[in-house]
Every structure is written in C-alpha cells, then in structure tokens.
Amino acid sequence: MSLTDEMDTALPEVRSAKLGRYMLDSAQKNGILLAFVVVVIVFSILQPAFLSPSNLTNLVLQYAYVLILALGMLMVIVLAQIDLSVGSVIALTGAVAAVVCVRGGAPWWAGVLAALGVGLLVGLWQGFWVAVVGIPGFIVSLGGMLIFRGLAQLLLDYKSLSPFGGVYYDISNGFLNGLFGGDGFDVFTLVIFAIAVVGYAASQWKARLGQIKYRQTVAPWPAFLAKLVVVAVVALAFAWQISHNRGLPVILIILAVFIMVYGLLMGRTGFGRHIYAIGGNILAAQLSGVKVKWVTFWTFVNMGFLAAVAGIVYSARMNGAQPAAGNGFELDAIAACFIGGASTTGGIGRIGGAVIGGLIMAVISNGMQLMGVSQGVQPVVKGLILTIAVAFDLWNRRRSATVAG
Amino acid sequence: MATWAGREDPSAPTELLRLTGVSKSFGPVSVLRGIDLTVHRGEVMVLLGENGAGKSTLIKLIAGIHRLDSGSIQFDGVPVQFHSVAQGEAAGIATIHQELNNVPQLSVAENILLGRLPSRAGFVTPGAIRRRARQALARVGLSDLDVDQPVGRLGVAHQQLIEIAHALDVEAKLLILDEPTAALTAEEISALFAIMVDLRSRGVGMIFISHHLDEVARVGDRVAVLRDGDLIDVVPADTDQARLVRMMVGRDIADQYPRHRQTDGESEVLLDVEHLCQGKRLLDICLRARAGEVVGLAGLVGAGRTELLRAIFGADHYDTGVVQVCGRRLASGRLRQGIREGLGLVPEDRKSQGLVAQASVRENIGYATLASTAHAGFVDRAGQAGRAEAVARRLRVRMRDVDQPVADLSGGNQQKVVFARWALAGSQVLLLDEPTRGVDVGARVEIYEFINDITAAGATVVMASSDLPEVLGMSDRIVVMNSGRIVGEIPADQATSDQVMALAVRDVESPEASGGANPPEVSGETDRAQAPNHGDPIKDGGNR
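Line by line, the protein sequences give chains A and B. Following the numbering used here, the numbering of the first sequence begins with 1 at its first residue and continues without gaps. Following the numbering used here, the numbering of the second sequence begins with 1001 at its first residue and continues without gaps.
Mixed in with the good hints, there may be bad ones.
[To be verified] With a straight-line cut-off of 30 Å between C-alpha atoms, the simulated DSSO-like cross-links for lysine-lysine are:
| # | chain 1 | residue 1 | chain 2 | residue 2 |
| --- | --- | --- | --- | --- |
| 1 | B | 1280 | A | 291 |
| 2 | A | 213 | A | 227 |
| 3 | B | 1280 | A | 293 |
No wet-lab data here; the hints were simulated from the structure.
Chain B on its own, in the form it takes in the complex:
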C-alpha cells in the first residue's frame, strides 16, 4: 500500500487538517489533553483507542459539535473554530456517525440531500433532488439504486453507503468515519474499503475509527493511538497488531482470542434444535450444542442468524420443528419457559434490546431474576444488590457502584452487564448475537474469558458474529448460514476465513449447492466477484 506522499501532486500543499495542543474537559473530567495531529489530503488516518479514550470527542471537536477548551485547529490552511456542524460541513468536513443517522420513512434521495434540499421559491424541486442524489450515489457505487424508495427498506450496509453519499454531496475534503464497519459483514466492508480507496485517490482526507485491528493495515495509511485522552503516538499502518494493542491498552494482551478448547464431542447435548422452520427466514435448521462447547454461527447479514437465535430463545414463533434445552422440549414463542430451562440471549443491539439505559447496573443485571427471587411479590432488594455486585465484579464491569446508571458505562462495560444478567440467572445455554460489536479490545478479551469460564463450568454458547476472526478464534465448531439454511459445518481448528466466506456467499438456490457440508474450493478472486450479488437489501431481522 502506497503512502500518502506518493500519490499527491508534489506541488500542491498536502496538509489538510492540523490540530495543535487541542484539549477538552467536560466539567471536572479532562477528556483530551494537548493533542497534536496532522491529516493530509488523500490520507486515511486511523484513530485507534479503547472506548473512553477520547476518539469520539476528538472527532466531535473537528466536526464542530463540541468547542475547544484550548489549542487550535487549522483546516485547509486556515485557522478555524466551527460553532456548528453546518459550519463544518460548509468548510468541507463531513462525518459518518456510528449510529445510522437517517430518516427511515423518507426516500433515498431526500436522505442524501437532507438539510440542503434544492428548492425554488420555497418548493422542493424533485427533478433536481433525484439528479443530485444519483450523482452522489454513483460515487459510492450505487448508481442503479432506486432513489425514490424509503431508506428504511434497505439493509444496514446500503444505509451506511447512503450516509456516505450524503457526506460526499457536500464535496467533503475531510471525511470522518466513526466505526462505519461495526454493523457490516466482511463483503460489505470490502466494498466500503474500495470506495475509501477511490476517495483517497481523489485527494479526500479521511479519519477512520475502528476497533478491528486487521482493518487498520487494510485501509489505513497512518495510525494515531489515543489512550485516556492522550495521543500516545502516530505510527505507520503496517505496525504489528501486538504493538498497537499495547499502545491502546497500556499493557500486553497475550492473545486476542484466548479460547481454551476442551470438548471431545462426547459431552451432554444441552441445546438440540431439529428441523426448525420459520416462513422463508429459517429453512429446516438442525443444530446441536454440547456442554463445554462454543458453536460459531457465521453468515452474511440477512442469512438468518439473528432470526435463528430469537426463535430458539422464544422471542419469535416458529412454524415447525423442535427445540430442546437440557433435554426438555420448549414450546414455540415461550420465552419465559426458555429462560427457566436455562436459555439466555445477548441481543445484537444492546442499546435498543439489551439494556434499560436510565436504570442502574443493579436493576439491569437483575431483570431476568427479579420475579423468581421475589418473596410474596416483594423484590429481594438486598439479595439482588449483593448478587449483582458479585457478578459485576466477576465480569470486571468498571463502574462506581451498582447503583450507577448503565448509560454512564462504556460500550464494553454495558455489554458485560447484559452478560451478567444471564450469569446471575445461571443460564446453561447462552445465545450470543454479535457479542463484541462496538466493544474495545480490552473488554472484548474479558468477555472471551467469561465465555471460557462458563463453558469450562459446563455451559454451552452459540455465538452469531459477523466478525470472522472472532468466529474463527473463539468457536470450537463453525456453522455457516446462508439464506435461512445451514449450509455447512467446519471444525474451527481446520477452518479458514476463505472457506467460511465461500459457504456464506454461495448461491444456495442452485441445485448442486443444496446438500453438502463440504465447502467447495473457492479462491479469493471468485469470492470477490460474487460479492455484489449479495449486498443483501433485507435488513437483518427486519420482519420482526
């Protein structure tokens, strides 16, 4: 990968953004201290750091959402101090936020031009809207998308690209991408990176935030590592991962995927799913998980992983099939029966499905056990508080005390609270849906260690994840889903990411693909060639 200097016209000034001594505090809390950072035209600057390191604050300062306490920002050769996002955008700074920021009910075109709809005499001009939206979409490789359909009908990946198109419509010179890959599958991420490479060749500077170290070298030029509000160092993107992790967390993490495999395939079957069908979403699913085992569920967004976990858990009904937990058969859609028999679900989106944000850590940990530990309807407050505290400490949840609102915790610690709920309930079959999405390296390893602990104690884990290295690193067996079916199963110690991806993107409608558990040999080239056909527009779990 070439460096930024090699691609630029040597006569043009390459410096785009310069931060000098930038500091920011919220009340008594100092969030950023004396940051000096330069971003050049046509450069991808990766911003790396644990949750709470100050990455989000830094990009909010640049974009004009927050104001500086001290220091200065120079953009395009001019000292600037933006007082609003609109001023930042006018100067050429666009931000793609971590959460999708679109209006699902409005059309694709209106979303792309939101805030600057072309109008004449106060009336919007539909023709101009469509034309400009198509121009912006062409730049993100979506030139044939119907610009009149509502954005809410599209999948997460397309929605993300539409946000990028929204940013490009303002002729951004600097594009800030805050964890754009968190909700995307490997294929979609590759497509996004291709667009970033294209933008880079046009001289757009980019600041890219990611928790995935393998993405750093793939798309980045340089890496700025933040820790607790200090800029630790700026290093080339090909710096080895162990060193980057050490810079981020300030200590060595020996193994990013510390899985202790211990199953011999003979232990008790705790979860037994037979011939499960649910409309066109789940087709004849058979799945077993044994005590002490981690089963990885791989597949593209829309392959049915979330639907399968929810159907097993009882959050949704299924049409036919049998689900047994610890030898007992569960009725379809009977969520509380499942919990009683030992099921637990860590849902894909902790904010919207996992946590009650304004409630305390103690309450959030206790929700699944509040009723079962109550005496004559009265909550066992003291007991629940003590147990919640113990479980939270075991999972190393970083908090002031258990009465702190869960909204105050970092993403990783919030996710640990969801895990703690099922730890307290004594769940024997844990269903995990994207268990480490948006979780930083340190907390991630602690979650993996918890998975090791409970499987060592005889529980079983079914883990759906779009993060391939995680599936490969933490599973004992990998089950690949594709279009609502299970299309293959591979022991993790023999699996490669190419194998898994080949199964995940294979066209299952064709006759020769209907049965086999053995993945065909597919080279990386074919893999990529198939990718555009599988930018699945069905949002994961969209029919709930």
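Next up, chain A with everything else stripped away, as it sits in the complex:
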C-alpha cells in the first residue's frame, strides 16, 4: 500500500502569464542578461572595433579559461563553499603538461592526460579535507593555493617552459574551417551555428510543452517568440562576424560542450539538484536522505578537474607554462559567479548566469584594453562592477521578499 495512491485530483487550467507582468518579472530575473547587452552596446559605441570579426574571435580565445573555471566555481558556490586554489592549480597543471610535452618530448595527449590526472588528484585531496574531515573549503583551498603554487614553481624550477606547438597549441589557437568552402567567409561556421540555434529553439519548445502539460505558468506567446528571435539573431550575427575572420575556434566548440554538459548536470541530474539542496539548507538535505558528503566530495573533485582543463587551455593559449600563471584567476571565476546571480550564502545560482557573468568580465577587460584604458583603471572598474552587481542582486531580492511577506 502506498501513500501516493489516489492522486487523480483535478488539476487547474493552463496559466499563461500576462504579457506586461511577465516582462516585468523577466526583467528582474534576467537583469544580468540586460546588463550584458548594455555593456556590449556601450563598448561597441565607444570603440567600433569591438564588434569586428578579429576582436570577437580574440575575445573567445583569450577568456575561455574564465568561463571554464566559472562552471566549476558555480557548483562550489551553490554548495555554499568556495575554492581559492584554482589559479594555482592552473599553474600546476600547465606546468605538468609542459614538463611532459616540452621537457619530456611526449605527444600532446600525454600532456593533456597528465594535467587532467593531476587536477583530479588536487580535487580528491581538497574534497577529502572538505567533505570527509569537514574543514571549510575556504581554509582547505587557501592552503591549496599556497601548496599548488609552490609545487608549480618547483616543477618549473622558477622558469617558464615553452613552446608546446602542434596539436596542444591548437587547443586554444586552432580553427575548424573550410570544410564547406565559402567566399571570404566560412560556411562551416555558419552551419554549426544554425544547427545550434535550431537545437536551442527545439529544446525551448519542448520545455514549454512540458510546462503546459503540467499546468505551470508559461511565458506568453509574443515573449516566447521574441526571446527565440533575439537569441537566434545575436548568435547568427556573432557567427557571421567570426566566419569572416578565421572561422570556428576549436576552443569555442570545447566551451559549448562544457557549458551544455554542466548546464544539464546542474539542472537535470540528481547530483546537481542535490548541490542546490545542500547549499540551500544542509540540515534539511541531510534529513531528506541526500548524500551530503558524497556530493560535496565530488563537487570538489570536479572543480579540480575543471581547473586542470582551464590550465591546459591557458597554457595552450600562452604556448608555454609559467610559474606565475593563473595568478588571481580564482577571483575572476568567483566574480563571474556572483555577477551571474549566485547567492553568497549558497543554494542559488545558474550555469547560464555564471557564463554571462564571465562574459561580462571578459567583455569589460577586452573593451578597456581596446580603448587603451590604463592598467590601474581596469581592476578598479572590475571591482566596482562586482560590488554593484551583488548590491543590485541583494536589493532586488529584498524588494521581492517585501512584496511576498
């Protein structure tokens, strides 16, 4: 006999939100997306070269590592933890790859595997102290920050090691193009983007049908279509621009795969949903049977893995390993998550938000460099934006809480 018998209670009718109300709600929810659009528009006005094919391509190549780090960092932050060691792990994994490939002369894949292996070991080490022993992640990763930086320096003997060249170099600097020809632009790039846009539209449509089936409030038709059209136009415009440069960057494909996989992991898997539950209320999660230690442990292992991926991407981009590589990158990743709407107390945050947060950081850095803003001003602007973004988020949440209470 089950307590779930007799569940055929009548469900209410389909609810489609009023358009005006919906726009207001989604402006609140998607404030970060609007901020991103504003930043892009501001820079494209101040510096027309910002939207040029070569700069957009460069943007992707230069800041891919921030986005990869932000994916893992978001999971750690939603868990109500923090990882300060990722910058040092980038240096360590890059150093390992360089020692294997450059000093040891091994093929590129051996370097990649070695770096990933070291990243996993780092994750196991930190996961053990946080999940099993119960030391706060802040402390464990502060220790890790020192340990892994030191190991990287020892491994490289305080000197940089280069060049990688070959396939390893192409991970961050290579392009896929010319497969379908094209006159002055790359058709392959456009085809891939077109497929991505169609895939996005299909998944949104499927999600909408699901919501309707379960009698949940859905976006009104015009808003739903408008969102699809805007996304399609922006994506295809971006594709058009980069197809006029060197085509589709390999790293962009890697990034897209990672973002999709981690989006699914956080949104759709038991593991991901349990991260939200633990970050939201660890006691309630525990008493509901969530494997708190297990989830915490693997979240840190995953962070080590992604830090290694970022280490490979960064060292490939630099075509070498330096003892000081990745210095301060952990702060870029953490800032990306918070700008993207993650809560400082855990339980709230989305992969999409972290990606947009990372893009905002990237666009601002890149835009200021293009405009020749002096070195000292750049961190000031970034710091201000981080502070204001989190203040805005707090204000927004307090306001909605007052309405609800």
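Following the hints, position chain B against chain A.
The following block gives chain B in isolation, referenced to the frame of chain A:
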C-alpha cells in the same frame, strides 16, 4: 479572572494604546484594513488569527518596524509614528519575537542590555551591566541565574525569559509577545504566565499572540480576532473555543482533534525499537508502533524525544540496541537505509531542518525521492512535477503552483510540504517532531486528517509533541519520556493531562520511580510545586 478595569486605580487613565483605522499594504497586497483597537494598562489583549491574517504585520506597525499607510496610533495619550524599533522602545514598547533574537555567544547580561550597554568614556562597565541584568532577571523570576554564562548554553525557555528581561529593562509600558509559548513545555508556559500576571498587576499592557486556544482564557483579558486583514471582533477571553475558531477561520471546525482510532492491538508491528541506548541521552528505550496506530511521545524539553526520533531515523548514531522497520533491522546512523525501508522524519524546526526555503515547492517535496526516481542520473522532472503537484493538492497546500518558492507559503502550508515529501516517498513509519508548532488551526486540522488518512491506509505514526491537548487528542497510545527514559505508557482514551505531566516531571533518579508503568496519583498542586526543578537548562538536542 478579573477584568482589567477592576485592578486599576480608577483615577488613572487606563487607555495605553489606541489604533484608529490602521491600514497597510505591501505592493498590491492589502494586509490590514481599517483596524480599530484599544489596549489598556494592565490588560492582556490576545491577538488571534490564522497565519497570514495580519497579526505579525499589526505588531510590526505598533513596534515601529513597518510604517502605516493610513490611520493613526496613539500611545500613552500621544499620537505617535515610530520610524524605528529604537524609537518604539524609547517610548516604552518592547517586543518578544517568535524566533529567539539573542546572540548565543554573548553572556546573559550582555544579551539583556544589548543595544544599550552602560558605558563610561566609551568603555563598557561590567559592574553596572551585571547589576542591571540581575534587576531585570529578578522580575522574570530568574534572580539566581549566572549572568556571565553564554546564553547559548541555556534552554529555550530560559532564553525566552532572557528576552523578556531584555524587554523589561527598557521599562516597557506595552509588551508585545509573538507566540512566546510555541517552543515551551506546559511547565515553562505556566511559569511564563505567572510572570505575565505579575506584570499585569504592575500596569504593563500586553499584546499576546498564540495559536493555542486554551491559553487564551488562561492568560488573556480580551481577544481580538483577525481574519484576512480585517478585525472581526474583540470579545472577552472566556468566549468559548468553538466560537473563536469560527471567527478565525470563517467556518465551523467540528472537531479540533479529529482522530479516528481503529487499532485493535493485533496489527503488524511496523516499528520495533529494543533496548536503544545513546550516551546519557537515551537509556534503554523500548518502543513498538503497529500499523494503523498513532503513538504520542510526551515529555519535557530535554527529555530525549527529539534524540529518540533522530536515532530511530538514523540521523544520529546510537550505542546499543536494535531498530527494526517493517521487520528489517536498520544499522545505526544509516539514514538512507531507513528511508528505503519506509521511515520518514518531520523535524522539529521546519525552517532550519525541514525545508530549503529558496527552492520551489516541487523541489522540496521531491528531495527524498529525487535519486530513486532518476533515470541514469537524470532527474525525472516531468514525473516528479506531476507527482509533487498531486501530493500537494491531496494535502491541500495553498500555493500558486508547484514552482513557487516554499518561503512564500504560510507556516502551516510549509509544514504540509514537509509531510508531502514523505507522502511521496511512501513512508510507512512517520516520525513527527512537534508536527504542528507554529501551525494555525485550519492547517493543523488538515495535518491531523492526513495523519488519519495514512494510518487508515496501514502506516504508523510516532508523534513527539509538547502540546498536551494534541498528544491526548491525536494519539492512540501515549508514551511518556523523562530524562532519556520511557517512564510510562497510557492508552490515550484513559489518559489525562495531569497523569501525563506527573510522569513527565517525576524525579526518575529516585529508586522507587525506576520501574512502574502506572503513574502515581499526583495532584495539580504537587505538580506545580515541582515545576521549578525542571526548568531543564539543557537545550533540546543541544549536543547534536
């Protein structure tokens, strides 16, 4: 009980607080409409209403936390409009909030004087702090409490009294008490009421919020009933309970404790606990619960009820003993095994242990079943949403839809969400710890009806509660705990609250009290005389 008018010096003006046409909205939501209310000196005005009726908003307006939209407040003969709590306190209005508002790490004395620590040239003066703290404590009957110990070491009841002492230190003319009894046991509540009676005789006016109707007549003079933001009526405190309930919920609730008893003592044993021991907290506990049965666990705070439920559930380890669920033995501290075999726990504090506040109703209902219904690691989103929706409707959770954050729901509906989680998991043995704390009458009866439904379907319920009428009204058997032991068992249809209390407060360390299941005859007088010895300073579950 005398009325306010009889105790006052007839020459003094007795009116303390007058609200005229007070209204308040949050955004588009109108929370209070045109409230007219008067509170006199030396009067206890009980504020009654379901969660969401506007009680909290009303007291926040009076205390200066919120501002009025329209209407006026007159305090002590002067029109006032406080812009902060500090202004309200300066004028003589003190509030004891529902949640404890102290700093556990600071000392008792510092907590009592928090926000107004006496100082000289910028340095606090420890002597003056201790002296003033002792004065305030004497007024709540705690004159021998060590004022230098951290507040966090004290039990909930003492912490509550310290908050009252904090309020009295400002020479409050009006004391607002927002559900101060929710976390207290019957003994502690009696002590609190004695203090309220004392304050009343000194002319302090009080506004008292409670969900317990029996407390209304015990301590109140008049009752103001709120419903959906309107003041329904102000009636004398001895108005009969059925009428008060009707005014609160706007409909008749035939029976506050609608238990349908159906066990014959022959059905299958679903939960079998034998000789369970856990340090000094649980001593040789033996407990059985059969299909279709509700076992009530009574006892004082600190008697070990929460510890027992947590040990059975697997949330804490135990040292020795056996726990069997549906005939299968569970390993100590293996919470997920317990859930698989059919255990479910509704914890004592839904905010800190029961719910993920910012997550949706759907997610909160699904946490115990997310992993078991997943396909290859992927959550069965559509299926979980549909099942959560059905369970929520069955429990009559009032919500916009299942994607609404659970934080937006009222206390009663939040508690139903915790129940729904285990309903979805198909739990056969439900362990309830204070299942209706802070839940209003309407939602409470719906929770009781759910308990009836699942026991009728063959599940069993073990319910720990400090609310004696609830234990008496909803249990089939009452098991009384005292200092980590089970000291007695009484069939509910023969039990009286005196019997249960006598067992709960008995000194179990004395030799003659060690064995018997038959409660001794103890009169109400003896009962009260023993009370001060059992203001147990150990916080319930404090060693977790």
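Violated hints - listed by number, lowest first: none
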